[in-house]
Amino acid sequence: MTFEYAPALESRAIVSIAPSYGLFINGEFVDPTSGKMFKTINPATEEVLAEISEANQSDVNAAVNSARRAYDRIWSVMSGRDRAKYLFRIARLLQERAREFAVLETLDNGKPIRESRDIDVPLAAAHFFYYAGWADKLEYAGLGPNPAPLGVAGQIIPWNFPLLMLAWKLAPALACGNTVVLKPAETTSLTALLFAEICQQADLPPGVVNILTGAGDTGRRIVEHDGINKIAFTGSTEVGKSIQRALAGTNKKLTLELGGKAANIIFDDAPIDQAVEGIVDGIFFNQGHVCCAGSRLLLQESIAEETIEALKLRLQTLRLGDPLDKNTDIGAINSREQLDKIEELIKAGDAEGAERWTAPCELPKQGWWCAPTIFTNVTQAHRIAREEIFGPVLSVLTFRTPDEAVEKANNTPFGLSAGIWSEKGSRILWMANQLRAGVIWANTFNRFDPTSPFGGYKESGFGREGGIQGLSAYLQSANEGDDQARGTS
Amino acid sequence: MNDRVEVRKTYKLFIGGAFPRSESGRTYEVHDTDDKFLANAAKASRKDGRDAVLAARKGFAAWSSATAYNRGQVLYRVAEVMEGRRDQFITDVQAAEGLGDKKSARVVDSAIDRLVWYAGWADKYAQVLGNTNPVAGPYFNFTIPEPTGVVAAVAPQDSSLLGLVSVIAPTVVTGNALIVIASTKCPIPAITLTEVLATADVPAGVINVLTGDPAEIAPWLASHGDVNAIDLTGVTSQDLAKQLEIEAAGTVKRVRRPAQPNWLTTPDLGRLASFVETKTVWHPIGA
Numbered sequence: 001m002t003f004e005y006a007p008a009l010e011s012r013a014i015v016s017i018a019p020s021y022g023l024f025i026n027g028e029f030v031d032p033t034s035g036k037m038f039k040t041i042n043p044a045t046e047e048v049l050a051e052i053s054e055a056n057q058s059d060v061n062a063a064v065n066s067a068r069r070a071y072d073r074i075w076s077v078m079s080g081r082d083r084a085k086y087l088f089r090i091a092r093l094l095q096e097r098a099r100e101f102a103v104l105e106t107l108d109n110g111k112p113i114r115e116s117r118d119i120d121v122p123l124a125a126a127h128f129f130y131y132a133g134w135a136d137k138l139e140y141a142g143l144g145p146n147p148a149p150l151g152v153a154g155q156i157i158p159w160n161f162p163l164l165m166l167a168w169k170l171a172p173a174l175a176c177g178n179t180v181v182l183k184p185a186e187t188t189s190l191t192a193l194l195f196a197e198i199c200q201q202a203d204l205p206p207g208v209v210n211i212l213t214g215a216g217d218t219g220r221r222i223v224e225h226d227g228i229n230k231i232a233f234t235g236s237t238e239v240g241k242s243i244q245r246a247l248a249g250t251n252k253k254l255t256l257e258l259g260g261k262a263a264n265i266i267f268d269d270a271p272i273d274q275a276v277e278g279i280v281d282g283i284f285f286n287q288g289h290v291c292c293a294g295s296r297l298l299l300q301e302s303i304a305e306e307t308i309e310a311l312k313l314r315l316q317t318l319r320l321g322d323p324l325d326k327n328t329d330i331g332a333i334n335s336r337e338q339l340d341k342i343e344e345l346i347k348a349g350d351a352e353g354a355e356r357w358t359a360p361c362e363l364p365k366q367g368w369w370c371a372p373t374i375f376t377n378v379t380q381a382h383r384i385a386r387e388e389i390f391g392p393v394l395s396v397l398t399f400r401t402p403d404e405a406v407e408k409a410n411n412t413p414f415g416l417s418a419g420i421w422s423e424k425g426s427r428i429l430w431m432a433n434q435l436r437a438g439v440i441w442a443n444t445f446n447r448f449d450p451t452s453p454f455g456g457y458k459e460s461g462f463g464r465e466g467g468i469q470g471l472s473a474y475l476q477s478a479n480e481g482d483d484q485a486r487g488t489s
Numbered sequence: 001m002n003d004r005v006e007v008r009k010t011y012k013l014f015i016g017g018a019f020p021r022s023e024s025g026r027t028y029e030v031h032d033t034d035d036k037f038l039a040n041a042a043k044a045s046r047k048d049g050r051d052a053v054l055a056a057r058k059g060f061a062a063w064s065s066a067t068a069y070n071r072g073q074v075l076y077r078v079a080e081v082m083e084g085r086r087d088q089f090i091t092d093v094q095a096a097e098g099l100g101d102k103k104s105a106r107v108v109d110s111a112i113d114r115l116v117w118y119a120g121w122a123d124k125y126a127q128v129l130g131n132t133n134p135v136a137g138p139y140f141n142f143t144i145p146e147p148t149g150v151v152a153a154v155a156p157q158d159s160s161l162l163g164l165v166s167v168i169a170p171t172v173v174t175g176n177a178l179i180v181i182a183s184t185k186c187p188i189p190a191i192t193l194t195e196v197l198a199t200a201d202v203p204a205g206v207i208n209v210l211t212g213d214p215a216e217i218a219p220w221l222a223s224h225g226d227v228n229a230i231d232l233t234g235v236t237s238q239d240l241a242k243q244l245e246i247e248a249a250g251t252v253k254r255v256r257r258p259a260q261p262n263w264l265t266t267p268d269l270g271r272l273a274s275f276v277e278t279k280t281v282w283h284p285i286g287a
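Residue numbers (the working numbering), protein chains in the order written: chain U, 1 to 489; chain V, 1 to 287.
None of these hints come from the bench; they were simulated from the model. Just so you know, not all the hints are guaranteed correct.
[What the hints assert, rightly or not] SDA-like, lysine to any residue: derived pairs with alpha carbons at most 20 Å apart:
no., chain 1, residue 1, chain 2, residue 2
1, U, LYS424, V, LYS58
2, U, LYS424, V, PRO284
3, V, LYS58, V, ASN70
4, V, LYS242, U, VAL239
Build out the structure end to end from the sequences listed, making use of the hints.
Structure follows, in structure tokens:
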């Protein structure tokens, strides 16, 4: 059964993209000292959207100095009440310009407008609104009276949720009184640069937020800069480990939000139709470019066939195509490089003997695309069951008993998230207790909220973003340095 | 005068609830602050470290699934048994740290009291560090702290008992299992403590105590794939601390950096919170 849809394109006229962008340092856009620029590309069309500056060492120095000045003279000494008001302004400005941000995010990232409009942008505003309210209540953060900010935070964010990750990083850091040097991912800088305009409209004091664009080399210079007190990184486990090594022997604090290989576990008493929706949300949301994606489906053996059939039927109704179309479910893969990585792992799945099924959908001629893909007959030793694919590829395994489900789910170096589908309350709570993961979704998947802490166990990183726990990543207790010289996290 | 020849003790490691010698067969001399020979302590090797990790992983399974009430009672029991051996600890600490009678007694009493303080946290810390979260949607959402897993620690070099207890108690009270390398030059109070642990209902493998050189053993623990976190409190060499942190990054271990606090001050929850993970659970609400 096929449904025909008339195209329902969101207009891109709402956003004006400049031909080129400078670096945002000390409240102003400045040219990079290197003069070097790189292109940012719409992954759905391969059209060049704009030229972006590449920050080098002297730009990093300038940004860190600007952040330090703003920290010493303004932001750390400002009352929490006033910091709160700036953050509330930012939340409101994001809401006012929400559609503009959503369209720009979809153009630069390739994600469906339905997701950028309904999830990324509203959640980003909500994060600022939530942490704004914390700024003058930090004595309730659990670190004792008069907790202190850390200083200048270097924040490095990924390309999968560009604006939302910016909000997760900036909002708690600023609420606690830190100033920031933030680097967006090189393929998705545009919403961060538009956010710089929001900082200007909010009259945020210059230097409180500095935004440096560039690739890994720029990130490394931020990590290694002596003027930085804290690094917060979201991205691959490989880069996270290299950052942890780089900070060894320094006094810099670190929080890491890294990769995942989440198990989404379906028991035989689960409502299958709801579970299928959860499986789809779990792995095909944002083209699977989600660190907490439910990329390993664990099906109880007795319902495996039935569930896979239902899932295949459901996937045939997903619409892949123009991300600006409001009917689109699956958008573009963010970059050629990422598509290559996904395709390499799909080949590995074939080569290692798993059985592949690909949703029958036509891929557009231009741009980078990957049809929803399911592998069955996957064993725990397969690469597609062990490595993070970060794409719309689901590996299906089976189990017989709850114990076996726990063992298989935990058999991974990662520990970011997990899903449980069952109608039995005691089993859900037992499973939630046994799973070694930071976020457990029971009878739901991929839900996010500013009040809800997010972050991983094991090699998925340390530290939390969101909720009251998110504050301790940017605060220290007043008596730190006595017994309480804290660790890296 | 009493001309009885005293029965001296063989000082061994404490791994998995047993008292083995080092598998390497090595020992090293321990002296008091006047340089008088006290004992030959076991000099733990890489292999002893690995054995301790295996024991700790087993201990973790039982200990982390014990009730908080039970963990609290076990730690309180450790304090009870220590109290019974108070004089021995005072003598040990005096010899190890060269303290006077009063100071030594104060340190031992503080160590016992610290255990009682942490024992009481067993069934409370989750209420202080956990919460429910008012998410904007029809979901019940709660956050709880859970133990990190197997933790390897380097105990303070100078504070051989109070510092040691202040490192052990906050780590194990939450359900972690621990491998701790005792003070190299004053290991005897730690070894006496192992005799307390063995008779205080602490399950085998929950606390493992190694004696020897941290520079030799700790790198193997910091790089071990089945260790989840390292506590570098007692590392005195900056180079070693850096090396251990680099090793730890291989499996993204949680790291607590070196510190030389005044152990007599009452701690806050920072140390306890260093070795817990935060788990958040969502479930829909609907009729």
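Each hint, compared with the structure:
1. LYS424/U x LYS58/V: violated, 30 Å
2. LYS424/U x PRO284/V: holds, 13 Å
3. LYS58/V x ASN70/V: holds, 18 Å
4. LYS242/V x VAL239/U: Measuring from Cα to Cα gives roughly 19 Å; hence the hint holds.
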